[in-house]
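*Asks:* With the sequences and hints as input, model every part of the structure.
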Amino acid sequence: MNPNETSARPELSAVDRREFLRLSGTLAAAAALASAGCQPPQEATIPFHDMPESLVDGLGPARFFHTVLDGSPVLVKTREGRPILLAPSPNDGSGRGLTLRHHAALMDLYDPDRARGPLSVRRGTGAPVASSWSAVASDVASRLKAAGRKAVLLRGPASGPALGAAVAALSERSGLREVVWSPLGSDAAREAWTRAFGSGRVARPRLDRADLVVGLGSEFLDRPGDGLEKDFAARRSPDPADGRGMSRFVQLEGRLTLTGANADRRIRVRDSQLAAVAAALAHELVVVRKVGPLAADAAVARALAPYAADVVARQAGVPASVLTGLAAELAAASGRAVVVAGGSASSAPSGPALEAAALLLNLAIGAFDAGLLDRTDAEEPYAGGGAALAALAEEMRAGKVELLLVAGVNPVYDAPVSLNFAEALAKIPWVVSLNDRLDETSLLADVLAPASHPLECWGDVSLPRGFVAIQQPVIQPLFDTRGLLDLLVDWGAAVDDPAAVAAVAAARAALAKPPLPASAAPPPSPSVAWHYLRAAWATRLGHEAGTPAFDAAWNEVLRSGSWQGPAPAAVGTGLAPAALALLAGLPPAPSGLELQLYPPIALADGRAGNNGWLHELPDPITRITWGGALSIAPRRFDEMKLRNGDLVEVDAGHAKVVAPAYRHAGMHDDEVALPLGLGRTACGAIGAGVGPNAFPLRLLADGRVLAAGLPVTIRKLSGNEPLALAQGSDVIDRDRRPLVPVTTLTAYEKDAKAGTEQVEGGPSIWPSHPYPNARWAMAIDLSRCNGCGKCVIGCQAENNVPVVGRHGILDGREMSWMRVDRYYDAPKKDGRWDAEVWDGPLEVVEEPLTLFTPMLCQHCENAPCETVCPFVATMHSADGLNQQVYNRCVGTRYCANNCPFKVRRFNFWEYGKKQESALMRALEPRIKRNAELNTRVPMQMKNNPEVTVRSRGVMEKCSFCIQRIRAATSDATRGGRKKDHYPDGAVVPACMEACPTGAITFGDVNAPGAKVAALAAHPRAMKLLESVGVKPAVSYLTKVRNDKA
Amino acid sequence: MMPTSTKGVLGHFREPDEALAAAAKVRDAGWKHFDFLTPFPIHGMEEAMGQRRSWIPIATAVLAACGILFAQGLQNYVMVWDWPMNFGGKPHASWPAFIPITFEAMVFWAALGTALVAIVAGKRDTVPQPPPMVVETGATVDRFVLWISATDPKWNPAEAETFVRSLGAQGVRLVDGGADA
Amino acid sequence: MNGRRMPVRILSLLLAAGLAGSLAYGLSNARKGYEPRQPILFRHTRMAGVPVWQKDAKGEMVNVGGFGIPCVYCHTMAYKGRHSTVPSTAVCMNCHTSVGLNKEWVLKMKEYWDRGEPIPWVKVHDLPDFVYYDHSAHLNAKDEKGEPKIPVKDAEGRRINPCEACHGKVEQEEIVRVQVNFNMQWCLDCHRKPEMKAPTDCVACHR
Amino acid sequence: MTRHDASPYATVMGDGQLTGRPIVLAGAGPYGGDLEVPEPLVTGGKTWADVDRDICMHAERFPTRRWWIAFAVALSFLGLLVFSVGVLLYDGMGILGVNHPVGWGSFIINFVFWIGIGHAGTLISAVLFLFRQQWRTGINRAAEAMTLFAVACAGIFPVLHLGRAWFAYWLVPYPNARGPLWVNFNSPLAWDIFAISTYGLVSLAFWYVGLLPDLATVRDRATHPWRKKLYNAMSFGWTGSHRMWRHYESAYMILAALATPLVFSVHTIVSFDFATSVIPGWHTTIFPPYFVIGAIFSGFAMVITLMTFMRGYFGMKNYITLNHMEAMAKILMLTGMLVGFAYSTEFFMAWYSGSEWEGFVFRNRAFGPYGWAYFIMFTCNAIVPQVFWWKKARRNTWVLFVVSILVNVGMWFERYVIVVTSLHRDFLPSSWGMYALTRWDYAILLGSFGLFFTLFLLFVRVLPVVAISEVKGVMDPKVARSAPEDPPTAAAPLAAQEA
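Residue numbers (our numbering), protein chains in the order written: chain A, 1373 to 2417; chain B, 236 to 416; chain C, 4 to 210; chain D, 450 to 948.
No lab work stands behind these hints, which were simulated from the structure alone.
Just so it is clear, the structure is predicted and the values come from calculations on it, not from any experiment.
There's no promise every hint is true.
[What the hints assert, rightly or not] List of simulated lysine-lysine pairs, BS3-like, C-alpha gap at most 30 angstroms:
id: 1; chain 1: A; residue 1: K2351; chain 2: C; residue 2: K145
id: 2; chain 1: A; residue 1: K2285; chain 2: C; residue 2: K113
id: 3; chain 1: A; residue 1: K2351; chain 2: C; residue 2: K83
id: 4; chain 1: C; residue 1: K145; chain 2: A; residue 2: K2350
id: 5; chain 1: C; residue 1: K113; chain 2: A; residue 2: K2351
id: 6; chain 1: C; residue 1: K200; chain 2: A; residue 2: K2383
id: 7; chain 1: C; residue 1: K113; chain 2: A; residue 2: K1885
id: 8; chain 1: A; residue 1: K1799; chain 2: A; residue 2: K1522
id: 9; chain 1: A; residue 1: K2416; chain 2: A; residue 2: K2350
id: 10; chain 1: C; residue 1: K111; chain 2: A; residue 2: K1449
id: 11; chain 1: C; residue 1: K200; chain 2: A; residue 2: K1449
id: 12; chain 1: A; residue 1: K2350; chain 2: A; residue 2: K2383
id: 13; chain 1: C; residue 1: K126; chain 2: A; residue 2: K2286
id: 14; chain 1: A; residue 1: K1885; chain 2: C; residue 2: K61
id: 15; chain 1: B; residue 1: K260; chain 2: D; residue 2: K678
id: 16; chain 1: C; residue 1: K35; chain 2: C; residue 2: K126
id: 17; chain 1: C; residue 1: K113; chain 2: C; residue 2: K126
id: 18; chain 1: C; residue 1: K106; chain 2: C; residue 2: K126
id: 19; chain 1: C; residue 1: K172; chain 2: C; residue 2: K126
id: 20; chain 1: A; residue 1: K2350; chain 2: C; residue 2: K126
id: 21; chain 1: A; residue 1: K2351; chain 2: C; residue 2: K35
id: 22; chain 1: A; residue 1: K2125; chain 2: A; residue 2: K2013
id: 23; chain 1: A; residue 1: K2403; chain 2: C; residue 2: K200
id: 24; chain 1: C; residue 1: K113; chain 2: A; residue 2: K2350
id: 25; chain 1: C; residue 1: K196; chain 2: A; residue 2: K2350
id: 26; chain 1: C; residue 1: K156; chain 2: A; residue 2: K2350
id: 27; chain 1: C; residue 1: K200; chain 2: A; residue 2: K2351
id: 28; chain 1: A; residue 1: K2351; chain 2: C; residue 2: K148
id: 29; chain 1: C; residue 1: K106; chain 2: A; residue 2: K2351
id: 30; chain 1: C; residue 1: K83; chain 2: A; residue 2: K2350
id: 31; chain 1: C; residue 1: K152; chain 2: A; residue 2: K2350
id: 32; chain 1: A; residue 1: K2314; chain 2: C; residue 2: K106
id: 33; chain 1: B; residue 1: K358; chain 2: D; residue 2: K677
id: 34; chain 1: D; residue 1: K678; chain 2: B; residue 2: K358
[Unchecked claim] A short list of chain A residues far from chain D (calculated; beta carbon distances all over 12 angstroms):
id: 35; residue: S1706
id: 36; residue: R2008
id: 37; residue: P2391
id: 38; residue: G2401
Just so it is clear, CB atoms sit at the ideal spot from N, CA and C, and this is done for glycine as well.
*Replies:* Listed below in structure tokens is the structure:
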């Protein structure tokens, strides 16, 4: 070794004992300190005091109940005695359907802004003061007796036999008069059918039997409560195997509605001209082609004379050839076609004429005889009651009313401005509001006696086809409220109506007795309405109340959801000449612009104005959330050099409204439209002040409330209120972006794979993972999907998805796991569309071809989100699911960026817990609003305990309702069944459950004979973005448009 | 080696070329325990002082290999052996994904290892008795200092001093142990 | 500072760091040994313990051990649902309307019963909220031969209580305490046994 | 006459006399022709002792008023950063501008911006060392320090942009009691952790190894015993012994050899954060070289900014001469043209690939709603540096300063354009959305500059800003040598004996 490089070796004993102890001592102390600090929090586990017998059978914690809400039977899923999800009732025979308000009803039930108990409002002179039920009930009882004829009950249209009987008894005993007011009543149809057949009952169009449906401004998909969307969807499948082939739907309308968007052919006609056009069609059929039984009737010919096709063509701006062509099509399909009206256009001045013309057309093409208009299945549509309300307002002004009971209506908000209802209210000595909160009308009342939410109290409802359903409570009343029936029966007893007196006595007796130990018979409920109902139903069920036979029958009605009564009498056949008179005096169409006021699909009449889910659901057509806009035709919009959100003043003469402008595709150039149900001022913290209130613009003319065909002028104001649009671009150029499989029926019949062409994905260099056992997949049939959005709300309710509010949508922080994309299809063009196709050129949006695509996590097999998550928070499960583990996610958000479908949602804010610090709320006002929308008691009672409520900083997405998949696995384990394959229906995700038309099919694609496997293999099936090579698990079946005239 | 209080002799030069020539002379004269303290490295000084090239590169190669093994070992253990999962349909051992970290670990171990080894080697590989720290050699400013340690087998204080002076060094002085240390 | 002691000091620091790391690893579930005070001193030894017959001072045969009541008598939903449920006071009253009327804790329990209040038990075995454990899936899990995966018989074929696998021998402890560190590692050790064929997908427990 | 005799360096006293062209000595060539001698890298006839005094002066005296003003401004921005981060961690990502679909925003832009700037420092020290570019000695210490501080600034953003930043430690594959649950090594973010930490530590090692001799110099100049003890400990008792220089040289060479590929690999991995995705506009193979050139480009711009700042504010004109600045200007122009070439290549490939997604992304990037950002990026990066074709511009300090600022603005917007335009419009038109920075985004962006300049000013205050030993190595011994101590004795200077 070179002496220059000597090296000395360290002695290991250099570190003495004392130093080693000092070092290790400090480390041990640190570790001990760390462990002591993090003891888990002490939690209580509180059992039952006395477990009710019915809970012991261990069918799983969720309990299901049938009840009825807003006139439609509903299946309610409850956990620990509180409802957490509403779904369509599986065995409902009445043909009713659920609206979006049904699916979102939990937000109304658990609404923190509901009145917590009776209040004496003192007409807004001072702050409302709490009072007690005993004071309120007795006071009203005494005033009832005193007022006699001068007492009026103003209530909404929905009622049932028991409620009707109670009110009848009251009015008979105390002279109380009843006035029914419905802001969305359809009087035109009633008037036309009453004149034609003597009874106001309208027969139900059987869209499932019709080969051709012609809509005259019809909105049966926009108002799904009637249940027609299920029938319509039954005939939209192009596969012959599914029944009698695909129906064809032609719609004539002024505004692009959800119904019109699903039409195979759409003709733009102004609302006021629609009646004339319908009459022209009738003229063409009856007078010119002599089709149908009416051809020989001279009176009909005389009534239709002025509506020759060419005359109306010039007047309405619709080419005569279109009218004659459509008439020819109707003639060819007579006996197999039906004409449907009853949309917003029917609330125009020419509404009754339109309905009469539709009636004539149906008679001409023999729709009644062919059973396409079911004579036995006819219902009386809600009466508008415009005349009755006007009369009441006069009486109130004249001082003839001493006591007014308001139940479930809000005339101060939604009555036409000409009635000036608020001023009339001031003239009544005593006003009692039974609404559920201090809304616009209750603020001007003396006493607010809040009625319970329908899910909290007893009652019954008469349904179509002779069905009657019992409305049973699925939760104890959250606040100090009483059921409407309870109140009426109490007051009935006060005016000693024998049935009411008996019910009250029985209820008081039930309270006195000690609670019985759990036994088979239902314990007597302290609710007066329960006893009254059982007495009323005793006659109906044919057993004596209280006998075991009656109890069994009563329980069976509660279990099955409804009771089948005798079918109502058929509607008459002979056409009375009075209907023809409607066609005579057709009011002239307004020369300039006309306004249509329509009930938006989610909020309808605005009763659910404080419902976060409904405000946040993007309108299926306009995609606007949190507010409404004045829809203007694209051509007029561009001529006025407007931009979305520019403020425009709508002047209808008797009232003015300022609203942001919206470029509404498919709108007739001379028509503008405003949604109703918005602009609530006193509905609660969530919905107050959202959107313009269009109700005052409505006119009252000869007893009917006119909401369409109103002459208006619009004027651009300065300023812009940005629209909270939930969608980036509206137009899609399917040549370059084949993202929606669409084709026509003729193309489909030639080539079953038509419409699914896209750029092929290359081969994968990696071998794919094996999925030997169950593998979950979904198929969505775009022909059946009509874009209603119920799946979106069903998913939000099941998976505790927070509400982000208007600021959330504008900031691009929407949280809904599912969205229904609405595209306008840019037609094929020889030279390709260049860049500005995304701005919606006129030739695309004037006559739009609308496409709907429910978009959710595709659970791709080669998921790009899984490769980029560094924290192992998302990966693929053995059964083909893209797992998202909330407690492992740290929030890099790379997975959301890398998802080609952009379906991942990030919790930018803390939606689960309220943040206390006032300083931070001052720095960021959005935090206060988030808390207002999500974390106020009792809103969180709606949460599903089987799904984690995510904290901030965590990514979330559709999990294919993993909680239901795991529940099915546990059931299989408990049942000892093998878990390698699951039969169809073992797992039904919330979206599939909510979908009214069965467009969504989910299941184990590896199971033998699985429906989803058949659909995925169907030539119509297409998986999106094949060129990106992600291999999604969701396949979309082509939307087929029936172009066979 | 007789115990003497003097530790060695110091002398400095003003230019690097002078220092190079002097180093050759000292090496040829047979001195072993000598060292040159310079403000900056002088090219060719190793041969002039009779030392071999530095062994650091070999250490670097070994460290680089360790880095590669560590990275591949870690990644394959985690992704293939301990808990293989299905990330985006890729095989468990998607080797292209392992390359970046393998390269980074190789650079990490090689670079930091080399720096540590260089410092430790530099500290251990000194002349048996380096000039006492408090002696103001000026080597870090502008002088090229020659230091011959008393531990050298040929050590004779007078002879060493005259030899260094004969090389033309400036400021030549004997450095005693206690006194003016 | 003499250069030789530097490497040794680094060595001892590394050793100490390793010690701290393993300590933290072991203590990662601070739940083990958690023994909260319950509102009523319910002794599983007395209720579910093995009977022990002895002569008392007066020569009568007295059972000083337990009554051998099976777990599912009180924890009814263990085989039926996700939660094994703590019994309602009514279950206690099944016997205590007529038995043990002089015992202090029985009287305390009856106070709750008379006041109509449920007994506020303190949760002992408590997995984090983001873990969705399912008792019935574990207790009903059968392998291909139909034998329950959680052993009900020990090596010699004597019946053992399947609940022991996770909760330990509760009937031999005066006060219920957590005898297993319920961390993910412990669950996975069982799930990963090949013969178990148990899911190791994340959504099996987290959703 | 040999090279050293009539030293031309003695005559060049300052920037004014520097021409940027070598000095021509007529007839001094080996065969009687002209001899071209490169202009001195240190002007002002400095000796080695002068070098020590000039450079260590800032570390030894109480800081000047100018320094305090600069430090106060930097500290205030740092305070803004700390406050904004406090609000961010309390309230959550909601206060920033990121949304669906643009999940990444200003934080990732800042991260790539700062890590890009960081790369030039190491590159200057490593690549120019390997290329024997001696002019690097004036600027390499400050540039490496800039690297460390830029990496420090870059390092905070990957943690801050996490939704639950307090679980960031899960990214390190440490043994745990969850199975154990490790890390997904398919993800580029997992590579990032290794890349950024390796890059930070290797740059630190490279910088510290270079600093050892200078710390010894400062120690020897120190008067206060504690200061002497501190700097002695920091320099591991560096004596300048050539046995130590031997290993030092070898280690420095190896570190330079490793740092060069490290620079390229780290920014390649940072570009993999985008390139391994399926997003059109990100998923292109040009990203690694494109990002590395961008990094060198923005790094040199920041070095020029700092050097003009150092020359003027700290009087380092003699050590960082105009020739240094001109050399950097040339590199800036070269990389500027390369970046411009990369932009045009991207457009060509978008057209050539025929893929609808790519074609749309680039048309939308240039003419869509974020066209303004693309315009700023293109002009600042590709057009502004072309001013350096003129020598007057390359040697004008103000032009250099303004161009370097514009280039860094351009590079920030390049990352803005890359991140935002590809996310805001991709496959499904329904999920398109817009992105804008909020006040907290701006606060934290400015705050990161505060952090950078605070660290840099502290570095200037505490440590020698120019590599003293390396500068001495490139000075002409004839000019720089120390005064003779002994009177010229009989032993004439060596040269005489030789002859």
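*Asks:* Next, verify each hint and record whether it holds.
*Replies:* How the hints compare with the structure:
1. Note on K2351 (chain A) and K145 (chain C): the hinted pairing holds, with a Cα-Cα distance of about 11 angstroms set against a maximum of 30 angstroms.
2. The suggested pairing of K2285 (chain A) with K113 (chain C) is violated, with an alpha-carbon distance near 38 angstroms, which exceeds 30 angstroms.
3. For the hint linking K2351 (chain A) to K83 (chain C), the alpha-carbon distance of about 18 angstroms falls within 30 angstroms, and the restraint holds.
4. About 10 angstroms separates the Cα atoms of K145 (chain C) and K2350 (chain A), which keeps this hinted pair within 30 angstroms; it holds.
5. Between K113 (chain C) and K2351 (chain A) the alpha-carbon distance is near 46 angstroms, which puts this suggested pair outside the 30 angstroms criterion.
6. Pair hint K200 (chain C) plus K2383 (chain A) holds up; C-alpha atoms about 28 angstroms apart against a cutoff of 30 angstroms.
7. Annotation: proposed proximity of K113 (chain C) to K1885 (chain A) holds, straight-line Cα distance about 23 angstroms (limit 30 angstroms).
8. Our distance criterion of 30 angstroms between C-alpha atoms is met by K1799 (chain A) and K1522 (chain A), whose separation comes to about 13 angstroms.
9. Of the supplied pair hints, the one linking K2416 (chain A) and K2350 (chain A) is violated, its CA atoms being roughly 49 angstroms apart against a limit of 30 angstroms.
10. With a CA separation close to 38 angstroms, the supplied pair K111 (chain C) and K1449 (chain A) exceeds the 30 angstroms bound.
11. Taken as a hint, the K200 (chain C) and K1449 (chain A) pair is broken in the structure, with Cα atoms around 33 angstroms apart against an allowance of 30 angstroms.
12. As the CA atoms of K2350 (chain A) and K2383 (chain A) are separated by approximately 20 angstroms, the hinted pair is consistent with the 30 angstroms bound.
13. For the suggested pair K126 (chain C) and K2286 (chain A), the alpha carbons sit about 26 angstroms apart, so the restraint of at most 30 angstroms is met.
14. Between the alpha carbons of K1885 (chain A) and K61 (chain C) the distance comes to roughly 49 angstroms, so the proposed pair goes past 30 angstroms and is violated.
15. In summary, the hint linking K260 (chain B) to K678 (chain D) is not supported, as the alpha carbons are separated by about 36 angstroms, beyond the 30 angstroms threshold.
16. Only pairs whose Cα atoms come within 30 angstroms are accepted, and K35 (chain C) paired with K126 (chain C) is accepted, the gap being roughly 14 angstroms.
17. Note on K113 (chain C) and K126 (chain C): the hinted pairing holds, with a Cα-Cα distance of about 21 angstroms set against a maximum of 30 angstroms.
18. Between the alpha carbons of K106 (chain C) and K126 (chain C) the distance comes to roughly 24 angstroms, so the proposed pair stays at or under 30 angstroms and holds.
19. For the hint pairing K172 (chain C) with K126 (chain C), the CA-to-CA distance comes to about 18 angstroms; that is within 30 angstroms, so the pair holds.
20. Simply put, K2350 (chain A) and K126 (chain C) have alpha-carbon atoms about 34 angstroms apart, too far for the 30 angstroms limit, and the pair is violated.
21. For a cut-off of 30 angstroms, the pair hint linking K2351 (chain A) to K35 (chain C) is broken: about 33 angstroms separates their Cα positions.
22. With a C-alpha separation of about 43 angstroms, the suggested pairing of K2125 (chain A) with K2013 (chain A) is violated against the 30 angstroms cut-off.
23. Taking the CA atoms of K2403 (chain A) and K200 (chain C), the gap is near 28 angstroms; set against the 30 angstroms cutoff, the hint holds.
24. Only pairs whose Cα atoms come within 30 angstroms are accepted, and K113 (chain C) paired with K2350 (chain A) is rejected, the gap being roughly 46 angstroms.
25. At roughly 19 angstroms between alpha-carbon atoms, K196 (chain C) and K2350 (chain A) fall within 30 angstroms of each other, so this suggested pair holds.
26. Our distance criterion of 30 angstroms between C-alpha atoms is met by K156 (chain C) and K2350 (chain A), whose separation comes to about 23 angstroms.
27. Between K200 (chain C) and K2351 (chain A) the alpha-carbon distance is near 11 angstroms, which keeps this suggested pair within the 30 angstroms criterion.
28. The straight-line distance between the Cα atoms of K2351 (chain A) and K148 (chain C) is roughly 15 angstroms, inside the 30 angstroms bound, and the hint therefore holds.
29. Restraint check for K106 (chain C) and K2351 (chain A): the C-alpha separation of about 49 angstroms exceeds 30 angstroms, so the hint is violated.
30. Taking the CA atoms of K83 (chain C) and K2350 (chain A), the gap is near 18 angstroms; set against the 30 angstroms cutoff, the hint holds.
31. Note on K152 (chain C) and K2350 (chain A): the hinted pairing holds, with a Cα-Cα distance of about 14 angstroms set against a maximum of 30 angstroms.
32. Using a Cα cut-off of 30 angstroms, the hinted pair K2314 (chain A) and K106 (chain C) is violated, with the two alpha carbons roughly 43 angstroms apart.
33. Of the pairs offered as hints, the one joining K358 (chain B) and K677 (chain D) holds, with about 19 angstroms between alpha carbons and a cut-off of 30 angstroms not exceeded.
34. Between K678 (chain D) and K358 (chain B), the direct Cα distance comes to roughly 17 angstroms. Compliance with the 30 angstroms bound is thereby established for this hinted pair.
35. With a least beta-carbon separation of about 42 angstroms from chain D, S1706 (chain A) lies farther than 12 angstroms from that chain, consistent with its non-interface assignment.
36. Listed as outside the interface, R2008 (chain A) is consistent with that label: its C-beta sits roughly 25 angstroms from the nearest C-beta of chain D, beyond the 12 angstroms cut-off.
37. Look at P2391 (chain A): its CB is around 24 angstroms from the nearest CB on chain D, clear of 12 angstroms, so calling it non-interface holds up.
38. Interface exclusion of G2401 (chain A) from chain D breaks down, the closest Cβ pair being 8 angstroms apart, not more than 12 angstroms.
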